[in-house]
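**Student:** Dock chain to chain to rebuild the complex, using the hints, since each chain is given by itself in its own frame.
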Amino acid sequence: MPLLELKNTRKDFGGLRAVDDVSLQVPEGAIIGLIGPNGSGKSTLINLIAGSQELTAGRVIFAGEDISDLAPDAVYNSGIARGYQEPSLYFKMTVLDNVLLPVKGQRGEKPWYAPRWRSWQREEAAQAERAINVLEQVQLLQHYDSLAADLSGGQMKLLEIARALMGQPKLLLLDEPTAGVAPKLAYEIFQQIARLRADYGITFLIVEHRLEILFDFVDYVYVMHLGNLLAQGAPADIVEDTRLREVYFGE
Amino acid sequence: MINIDIGATAVAILTLFGIYSLMAISLNLEYGVAGVPNFGQALFVSIGAYTAGVTYTRILPLLAGVESVHPCGPTMGQALQLRSEVMAAQPIAGFINLALTFLIAAVIAGAVGFAVSYVTLRLKEEWFLALVLLVGGETARIVVRGADDLICSHNGISGIAQPFYFLGDARSSSILFMLLALALALIAYFYSQRLLHSPFGRMLKGLRENEAVTRGLGKGISLARAQIMLIGSAIAAVGGVLFALNTGFVNTNDYVVTLTLDIWVMVVLGGIGNNRGALLGAALIALLDRFTQVGAIALNMSGSPIEFNYLRFIAFGLILLLMLRYRPGGLLPESPLTTNAHDVLRRASGSQPMSKRA
Numbered sequence: 001m002p003l004l005e006l007k008n009t010r011k012d013f014g015g016l017r018a019v020d021d022v023s024l025q026v027p028e029g030a031i032i033g034l035i036g037p038n039g040s041g042k043s044t045l046i047n048l049i050a051g052s053q054e055l056t057a058g059r060v061i062f063a064g065e066d067i068s069d070l071a072p073d074a075v076y077n078s079g080i081a082r083g084y085q086e087p088s089l090y091f092k093m094t095v096l097d098n099v100l101l102p103v104k105g106q107r108g109e110k111p112w113y114a115p116r117w118r119s120w121q122r123e124e125a126a127q128a129e130r131a132i133n134v135l136e137q138v139q140l141l142q143h144y145d146s147l148a149a150d151l152s153g154g155q156m157k158l159l160e161i162a163r164a165l166m167g168q169p170k171l172l173l174l175d176e177p178t179a180g181v182a183p184k185l186a187y188e189i190f191q192q193i194a195r196l197r198a199d200y201g202i203t204f205l206i207v208e209h210r211l212e213i214l215f216d217f218v219d220y221v222y223v224m225h226l227g228n229l230l231a232q233g234a235p236a237d238i239v240e241d242t243r244l245r246e247v248y249f250g251e
Numbered sequence: 001m002i003n004i005d006i007g008a009t010a011v012a013i014l015t016l017f018g019i020y021s022l023m024a025i026s027l028n029l030e031y032g033v034a035g036v037p038n039f040g041q042a043l044f045v046s047i048g049a050y051t052a053g054v055t056y057t058r059i060l061p062l063l064a065g066v067e068s069v070h071p072c073g074p075t076m077g078q079a080l081q082l083r084s085e086v087m088a089a090q091p092i093a094g095f096i097n098l099a100l101t102f103l104i105a106a107v108i109a110g111a112v113g114f115a116v117s118y119v120t121l122r123l124k125e126e127w128f129l130a131l132v133l134l135v136g137g138e139t140a141r142i143v144v145r146g147a148d149d150l151i152c153s154h155n156g157i158s159g160i161a162q163p164f165y166f167l168g169d170a171r172s173s174s175i176l177f178m179l180l181a182l183a184l185a186l187i188a189y190f191y192s193q194r195l196l197h198s199p200f201g202r203m204l205k206g207l208r209e210n211e212a213v214t215r216g217l218g219k220g221i222s223l224a225r226a227q228i229m230l231i232g233s234a235i236a237a238v239g240g241v242l243f244a245l246n247t248g249f250v251n252t253n254d255y256v257v258t259l260t261l262d263i264w265v266m267v268v269l270g271g272i273g274n275n276r277g278a279l280l281g282a283a284l285i286a287l288l289d290r291f292t293q294v295g296a297i298a299l300n301m302s303g304s305p306i307e308f309n310y311l312r313f314i315a316f317g318l319i320l321l322l323m324l325r326y327r328p329g330g331l332l333p334e335s336p337l338t339t340n341a342h343d344v345l346r347r348a349s350g351s352q353p354m355s356k357r358a
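Chains as they are written, first to last, in this note's numbering: chain A, 1 to 251; chain B, 1 to 358.
Pulled out of the complex, with its shape left as it was, chain B reads as follows (with noise of 0.2 Å):
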């Protein structure tokens, strides 16, 4: 039998599902609030991790005052080490670096976003965009395992340690990192939330419901679309600077069209445009992970012929299918939107409001 470490395995569930939150309300903006089938979430995550990538090989060093070393090739090692030391023992440098890396990242992702989006969205309608973001993730992927110096192609990059990798003590340090993942889902949440009760947010969903009437209504359908992809994919890099840091590696293998197939069934599973919806499954889908991986491990021990791993993606299809069927809108469905506008005319009007009726 395995020895599981209850406390270790929390610490490692709300870590992962703080991670989760930030792709699953990235997502839940782009598609569930404004109808953008974003099928490229990979790529956006990945912009955060090889961002992470090179920030903490080329701009770490800079930052510590060290001269840096190559980190790829026959120095890799040397590198690798250099790292660990600057990490370990310069906190603020370490600190400033990851700021830099969450900026870079929104920044870049935010820029890929609303560029690809505004682009096709003129051209042809978000279906197509779907395909674009798809083909781009796996291209974007492709282009950087090939390319030998920005995170060592194939081989990837590790010891990409958290910022309080420096206390030595792996429990405090891990449980700070997952207060810093839950801080920063929460702030994602909070300000998804603001966006969503907003004329904005109202005109985004009224561009889902009905795009030709909208634009009818003088609003600038593209525009808007480009602008909740930009918001999206900067949410989605930071969530994949926390992703990496949580690995500790930056690999291209990890950013593969699976992993937007996760972030959909979360969004799916918790309720499209629903930004709690959008929590909800990320938990679901961060404890569902961490069973299935103690699972496989504890099949392999058993010397089971079954590849548990394979089962995951069953069950993910199944979840998506069997959601699509019977609960379109997910466990936690859309409530109706409301402004503050509905509270001016209670007062004026002296009703009830819909909340209170029913």
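Pulled out of the complex, with its shape left as it was, chain A reads as follows (with noise of 0.2 Å):
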């Protein structure tokens, strides 16, 4: 049984049909790129499957749940993670904060106890050593007092990646997690990725524009143009499927 199922998800934006009858499957401890030219609907799909847009047909289930109604709060704690094409941080906070805001079921988050510090501070101080390790991990925990504003372009890519850890997803959707990144700290981001799989076991779907980095780490890629899911299959199969260069250029 696939950790994520997609069945024939349709999202409608008025008369425009963003994504049409999209079926795919992400196995479980799987890396699943998600690549298709701007304007394909790759982000919608994201979107449909964080709930933060609402499907107009079809289901998603997630570890045999079906989560397809979901308000994007509880998809999270349903164990799905995202990361967001354009910048997501919590800049006016430290590294540190934005790594522990996401900690589900903190106690001192509820406003009763909030005030009476000794009865959630030995909480926070686990969740502190939890999030040493997650930065450690990322190499930013050097940086853990910076305002998340005086990162560079790289290390914010990584931050979010570890923000999202915390919440311990078993599934990261991640849009375009190396924009707007130098290409030799793309590479890194990438590796991070796969670190993070073989360490945790977590599970990824990425969209991402970089093909000749993303087809050194993914497992199986699915290809989208115009809604439409126009191909899938291994990297190796992708890169001679003459379609794909059709979509992307022209050709």
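Treat the hints as calculated values from the structure; they're not laboratory data. Idealized CB from N, CA, C, for every residue including glycine. Careful, some of the hints might be misleading.
[Claimed, not checked] Estimated spans, in silico, between C-beta atoms of each pair:
#1 A:G180 / B:T9: 53 to 61 Å
#2 A:E129 / B:L287: 22 to 30 Å
#3 B:R58 / A:R116: 31 to 39 Å
#4 A:P183 / B:W127: 38 to 46 Å
#5 A:W112 / B:S304: 52 to 60 Å
#6 A:D237 / B:R194: 57 to 65 Å
#7 B:L331 / A:E86: 30 to 38 Å
#8 A:D237 / B:W127: 46 to 54 Å
#9 B:W127 / A:R122: 49 to 57 Å
#10 B:S304 / A:R116: 50 to 58 Å
#11 B:L331 / A:R122: 33 to 41 Å
#12 A:R116 / B:L167: 55 to 63 Å
**Tutor:** Listed below in structure tokens is the structure:
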């Protein structure tokens, strides 16, 4: 049974069909690529899974549960975290607060306990220890009390991944994790992703335009075009597929 | 010329500072920290004042064991005299009545704040809530003014004596009342500081900075915002009770939209998101209030045709505009938030805290 399964998902924006009858499967522990030219519906598909947009039709099944109608916070709490194409950090907070905020079920988040520091400080300290590990993993530990706004572009992308990890997701949806990052750093970000899968067993669904990097790391690729699934297969097969050239280069 | 009693003026300004601090801290929690634009602060302050109007006319006689007279209409004067006698002779009844007033006002305001925000925020975004509260405050005021019995409609209720009235000596009773106001403001300050530097405060700041992302990180945003509205509204109502006791008078005319504007000026001037800024803003506005009052009287006596009270509104409007243009963070901008997790990491990594590094 796949960890995530999309069954005939569809999304209409007025008269525009952004996602048309897309079905795909993400097996547990896999890194799956989702590619296609701009406007092909990749980001919409991510939004549909994450619950930030409502499905017009179809179902989203995650770990055997139907999560099609859940709100974004409920989707996150069911085990799916996501990154964003645009910058989405808390820029006025420290790196550490950025990663501590998404921790689930914090006692100190309840207004009754919040002013009584003793009631949650031990729990917070334990989460800080976890945060040390996660920040160390993405080489951001020495910046823990810098403001997120002061990080470099590549570090911001890594912090976003670290933040998503603190919620202990089973599946991580990433929308262009290397957008606006220098090529060398982009490769390092994907190395991090591969390491996170190895260390934590996290499954990834990644939207990416840098195919030359993506194809080195993914197990399987789905190609979207104008809201439809155009092709799918192992990276080696997709590279050979002439349809890919057609949609990307119009050849 | 007018003679100014410096001691009495200082007491008056400090009392006002305590009362304004409660209102500013309330709005700072709601808007400064959580990003909920409460344009109905006057509503929650007025709930406190109206509650005082009701308890001092209905509950106080019961507590004192005297037969109550209807506070409005033909028996108005008799009821007023009765209140004054009870407050002068039975301090215990006065204190119990005051405690009940705080409690009832905080519960009603908190419940209204929570219910209105939770329902509205689930339907629409926060600026819609701002409009609902703005209209709600004015509607509530007009309804209360039209209600004959509650606080005697447009006449209002006078003789809401402050709790130390029984001392007889105006000076010492007003000093004690000032201390009460300052003590409550201090409690509200420390409480809100603790709230701000907790995971709850962190979540609210996250909501303010990026609502969609915070929702995507598993936080139920409508509930969190309704919770801070409950807390903020309860604090504002406590300020409203003190406000009524300070003037000794409950009248709907005191709770118009301009009161909301005053509180916004305090927060924007002092520092959005910073509780110390809220206190500074409250202090500056309390001073400005007093000076414009004295100035208005002085101008009037000198025969000037200028209505100085309007200059006050012009000054407040200018302060808002200039602050938003040149110093949007306020005089004391907020500092990045740290919970105790930062200390844990500091010990673990042996690195220098940010404050000592720069």
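**Student:** Are the hints correct? Go through all of them and say.
**Tutor:** Verification of the hints:
no. : hint                        : result
1   : A:G180 / B:T9: 53 to 61 Å   : holds (59 Å)
2   : A:E129 / B:L287: 22 to 30 Å : violated (48 Å)
3   : B:R58 / A:R116: 31 to 39 Å  : holds (36 Å)
4   : A:P183 / B:W127: 38 to 46 Å : holds (42 Å)
5   : A:W112 / B:S304: 52 to 60 Å : holds (55 Å)
6   : A:D237 / B:R194: 57 to 65 Å : holds (59 Å)
7   : B:L331 / A:E86: 30 to 38 Å  : holds (33 Å)
8   : A:D237 / B:W127: 46 to 54 Å : holds (51 Å)
9   : B:W127 / A:R122: 49 to 57 Å : violated (39 Å)
10  : B:S304 / A:R116: 50 to 58 Å : holds (55 Å)
11  : B:L331 / A:R122: 33 to 41 Å : holds (37 Å)
12  : A:R116 / B:L167: 55 to 63 Å : violated (37 Å)
Checked against the numbered hints listed earlier, the structure breaks hints 2, 9, 12; every other hint is satisfied.
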